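**Student:** Residue numbers (our numbering), protein chains in the order written: chain X, 1 to 177; chain W, 1001 to 1558.
Think of the hints as simulated: they come from the structure by calculation, not from any bench. Just so it is clear, the structure is predicted and the values come from calculations on it, not from any experiment. Idealized CB from N, CA, C, for every residue including glycine. Watch out, some of these pointers could steer you wrong.
Keeping only pairs whose Cα atoms sit at most 27 Å apart, straight-line, the calculated DSS-like set for lysine-lysine is [claimed, not checked]:
hint : chain 1 : residue 1 : chain 2 : residue 2
1    : W       : LYS1357   : X       : LYS147
2    : X       : LYS115    : W       : LYS1543
3    : X       : LYS17     : W       : LYS1222
4    : W       : LYS1543   : X       : LYS17
5    : X       : LYS115    : X       : LYS17
6    : W       : LYS1153   : W       : LYS1222
7    : X       : LYS17     : X       : LYS147
8    : W       : LYS1549   : X       : LYS147
9    : W       : LYS1543   : X       : LYS112
10   : X       : LYS112    : X       : LYS147
11   : X       : LYS147    : X       : LYS115
12   : W       : LYS1357   : X       : LYS17
13   : X       : LYS115    : W       : LYS1222
14   : X       : LYS115    : W       : LYS1355
15   : X       : LYS112    : X       : LYS17
Here chain W is said to cover these stretches of chain X; the calculated rule only asks that three of the stretch's residues, wherever they fall, bring their Cβ under 8 Å from a Cβ of chain W [stated by the list, open to error]:
hint : segment
16   : 27 to 34
17   : 102 to 115
18   : 160 to 170
Pair ranges (Cβ atoms, derived) [as the list claims (entries may be wrong)]:
hint : chain 1 : residue 1 : chain 2 : residue 2 : range
19   : X       : GLN141    : W       : GLU1004   : 17 to 23 Å
20   : X       : LYS112    : W       : ASP1482   : 55 to 61 Å
21   : X       : ARG91     : W       : VAL1538   : 30 to 36 Å
22   : W       : GLU1446   : X       : PRO84     : 20 to 26 Å
23   : W       : ALA1232   : X       : GLY168    : 50 to 56 Å
24   : W       : GLU1517   : X       : LYS115    : 50 to 56 Å
25   : X       : ARG91     : W       : HIS1487   : 48 to 54 Å
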Amino acid sequence: MITNIVIAGLGGQGIVKASDILAEAALRAGFDVKKSELHGMSQRGGSVTSDVRYGHPEHSPVLSPVLSPMVPPGEAHVLLVLEPTQVEVTRALLHPDGLLIGPEVIEPGALKNRKSVNVAMLGALSTALEISEQAWTQAIQANLAEKLHALNAQAFALGRACGPGRVGRLTTQALPC
Amino acid sequence: MTDERLLLSGDDAVALAALHAGVRLGSGYPGTPSTEILETFDRLGGHAQWAPNEKVALEVGIGSAFAGARTLVTMKHVGLNVAADALFTATYTDVDGGLVIVSADDPGMASSQNEQDNRHYARAAGAPMLEPVDSQQAYEFTWLALEIGERWKIPVILRLTTRICHAKTVVRPRPPEQRHAACATAAQPDDEQAARRFRRDIPARVMIPAFAKPAHHRLRQKLAEIAAWNEAEGPIREYPPEAIAQGSDRADRAGLGIIATGVAALHAREAAPAARQLTFGLTYPLPLERIRAFAAEIERLLVIEEGDPVLVDELNAADLSAEGKPMRYRFGELDVARVRRIIAGDERPEPEPVKGKPPQLCQGCSHRGVFEALRDLDCIVAGDIGCYTLGVLPPFSAMDTCVCMGASIGVGLGLRHALPAAEARRVVSVIGDSTFVHSGLTGLAEMVYNPPPTGHLVLILDNQTTAMTGQQEHPGTGRALDHSPAHRLDFAGIAQAMGVQAVELIEGSDETARLDERLAAQLARDETALFIVRQPCVLAAPKIRRYEKAAAEEPDCQ
Chain X
1 MITNIVIAGL GGQGIVKASD ILAEAALRAG FDVKKSELHG MSQRGGSVTS
51 DVRYGHPEHS PVLSPVLSPM VPPGEAHVLL VLEPTQVEVT RALLHPDGLL
101 IGPEVIEPGA LKNRKSVNVA MLGALSTALE ISEQAWTQAI QANLAEKLHA
151 LNAQAFALGR ACGPGRVGRL TTQALPC
Chain W
1001 MTDERLLLSG DDAVALAALH AGVRLGSGYP GTPSTEILET FDRLGGHAQW
1051 APNEKVALEV GIGSAFAGAR TLVTMKHVGL NVAADALFTA TYTDVDGGLV
1101 IVSADDPGMA SSQNEQDNRH YARAAGAPML EPVDSQQAYE FTWLALEIGE
1151 RWKIPVILRL TTRICHAKTV VRPRPPEQRH AACATAAQPD DEQAARRFRR
1201 DIPARVMIPA FAKPAHHRLR QKLAEIAAWN EAEGPIREYP PEAIAQGSDR
1251 ADRAGLGIIA TGVAALHARE AAPAARQLTF GLTYPLPLER IRAFAAEIER
1301 LLVIEEGDPV LVDELNAADL SAEGKPMRYR FGELDVARVR RIIAGDERPE
1351 PEPVKGKPPQ LCQGCSHRGV FEALRDLDCI VAGDIGCYTL GVLPPFSAMD
1401 TCVCMGASIG VGLGLRHALP AAEARRVVSV IGDSTFVHSG LTGLAEMVYN
1451 PPPTGHLVLI LDNQTTAMTG QQEHPGTGRA LDHSPAHRLD FAGIAQAMGV
1501 QAVELIEGSD ETARLDERLA AQLARDETAL FIVRQPCVLA APKIRRYEKA
1551 AAEEPDCQ
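Bound conformation, chain X alone (with noise of 0.2 Å):
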């Protein structure tokens, strides 16, 4: 079973820091784990979506569970979205049956440091997902400097804490992967 989550959003949201923190996570978390995205021009304010896939390496005792590092179109069992314009244009990428989590599962003027939202969001995603928030503390101090551990810290927790009741189940056996 693979599980694909696609985050989406503009160049400087901290797109490819949520997912590196995301996949560092899954890794921890003892599966495999690929992730991908586009660099380069994509920096200069334009939208931006990082794939992310992961699966138990047990799966099979040949293959890698995980094959390609894309998110095929239309079958990301979660859309986590940063920002408001972005949902629109990335609705495709969404199974019709998967999870879509938008920017206002925040509660606006909740978060201390409005850059923080990439991990308030990976919080509300968390909610969804099997993945030990022993593994996620791990993955952000792994991917942050130290002085941001705390900031995050509470921004992944304000996250979690909204998650429940906000945020969907994931029904990833519904799926098709």
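Fit chain W to the given chain X structure using the hints.
**Tutor:** For chain W alone, kept in the frame of chain X given last:
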């Protein structure tokens, strides 16, 4: 294999392998998607340096390999065009140290001016080529490229693509004992270097016709031996593996057989998990007999390759009746959905890709004022490669040509020569600081040597960094790859020494505010002119201040 599991991009995996395998020197020019390789190699403790351009990087690499050192040279696909002159004769020579040339191709043009397929270079130059499918293979193939290169004394191209360079996948590095075996004296690199002696071998390294003629024969012999090695011991994978195939109805699976390389091999396995598949990592010279044996058991032999029909044409030239992809898949990257369509022969139009917000010049970008002035003066702008190419987009729409690194100057001169004087006086060449060092110096020589009757005006948009690729240093910044102080090229001094008639440095907000007046005045003068418009990139400025502060605190470094 160790228990160590790392999540690495292909670029980082190449850098880690280079470190583990004892690479002594990494040289390159920044270019998406290759840039991170040398940055990571430096961060891990390797010796990495930016060259002015890819040709110089490869020449430095050739010298280092002649001296017996393991060497890594990195560039994006179009960079290999610049380095091609060195490449095509380097393959005739004998290199003592392994020389790995990374070509990072960009099918789909995420951040490039074309989507050329550098597999052609392996064939044209006679360089063995390795193509990994993921970061694990990027790591392993960096080692393998060094080993093949040293066994046959030949430069090896490691061809990556955007989805190999920037995708992160799990890597298990080689165990430490192998690393130590690879660089037995790695603990004392200075001792190793001190012990190195130049080995004179004139016929193998001086390519005058008398030596180059036998050298070409030697090259073909090396490639024949490497092809035989590839057949017998090369990195070839067949799916399903024998263990699975024997337990199932193999005949039933033999309807469709796929030959695929690079990341397309993973797309294909996902798109057609039941199909048989042959994937090889050493894609030149091909393991043709292995492919022939595979094809003999297959009804429909389908080649899944990104870019040009390179493999399928070679297989058909060898009478293997291979089926390629329809023309439309020559454009852009492949993905699982597209490979499914190729397999199914689905000819319906593909869904439009997601179109988001296009990139633009940053708020506060120093280039904005320049393009406003060029737009307002209705200039004909010969542009170049970098962030400032975004000056072509609204609200500026102030660029008329963009071809390759450095072309702004030559193209601008050509326009001036061919247009009537009134039109010619509108022509301005616009080039970035890093691009100027890369390929603009020779253009400036052309301007003073063959000046158009109306003269010409070149603008260097000097934002003190290689901005587009992620703020790398270059010889005009005065800092080395690791941001430590280095000699700084003086653009104005160069232009004056070359004999450019008007050379001006325009710096600070007061001067740039009057840029339109100064441009208008210069365009009326029929002189050769170089204006250096200097303002740091807004993204790089805080870092530049930090580097300058660090340099000031360590006067010994200067």
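**Student:** So, for every hint listed, does it hold in this structure?
**Tutor:** Quick rundown of the hints versus the structure:
{"no.": "1", "hint": "W:LYS1357 to X:LYS147", "verdict": "violated, 32 Å"}
{"no.": "2", "hint": "X:LYS115 to W:LYS1543", "verdict": "holds, 19 Å"}
{"no.": "3", "hint": "X:LYS17 to W:LYS1222", "verdict": "violated, 45 Å"}
{"no.": "4", "hint": "W:LYS1543 to X:LYS17", "verdict": "holds, 20 Å"}
{"no.": "5", "hint": "X:LYS115 to X:LYS17", "verdict": "holds, 12 Å"}
{"no.": "6", "hint": "W:LYS1153 to W:LYS1222", "verdict": "holds, 9 Å"}
{"no.": "7", "hint": "X:LYS17 to X:LYS147", "verdict": "holds, 16 Å"}
{"no.": "8", "hint": "W:LYS1549 to X:LYS147", "verdict": "holds, 21 Å"}
{"no.": "9", "hint": "W:LYS1543 to X:LYS112", "verdict": "holds, 25 Å"}
{"no.": "10", "hint": "X:LYS112 to X:LYS147", "verdict": "holds, 15 Å"}
{"no.": "11", "hint": "X:LYS147 to X:LYS115", "verdict": "holds, 14 Å"}
{"no.": "12", "hint": "W:LYS1357 to X:LYS17", "verdict": "holds, 20 Å"}
{"no.": "13", "hint": "X:LYS115 to W:LYS1222", "verdict": "violated, 56 Å"}
{"no.": "14", "hint": "X:LYS115 to W:LYS1355", "verdict": "holds, 25 Å"}
{"no.": "15", "hint": "X:LYS112 to X:LYS17", "verdict": "holds, 19 Å"}
{"no.": "16", "hint": "27 to 34", "verdict": "holds (count 4)"}
{"no.": "17", "hint": "102 to 115", "verdict": "violated (count 0)"}
{"no.": "18", "hint": "160 to 170", "verdict": "violated (count 0)"}
{"no.": "19", "hint": "X:GLN141 to W:GLU1004: 17 to 23 Å", "verdict": "holds, 19 Å"}
{"no.": "20", "hint": "X:LYS112 to W:ASP1482: 55 to 61 Å", "verdict": "violated, 35 Å"}
{"no.": "21", "hint": "X:ARG91 to W:VAL1538: 30 to 36 Å", "verdict": "holds, 33 Å"}
{"no.": "22", "hint": "W:GLU1446 to X:PRO84: 20 to 26 Å", "verdict": "violated, 51 Å"}
{"no.": "23", "hint": "W:ALA1232 to X:GLY168: 50 to 56 Å", "verdict": "holds, 55 Å"}
{"no.": "24", "hint": "W:GLU1517 to X:LYS115: 50 to 56 Å", "verdict": "violated, 40 Å"}
{"no.": "25", "hint": "X:ARG91 to W:HIS1487: 48 to 54 Å", "verdict": "holds, 53 Å"}
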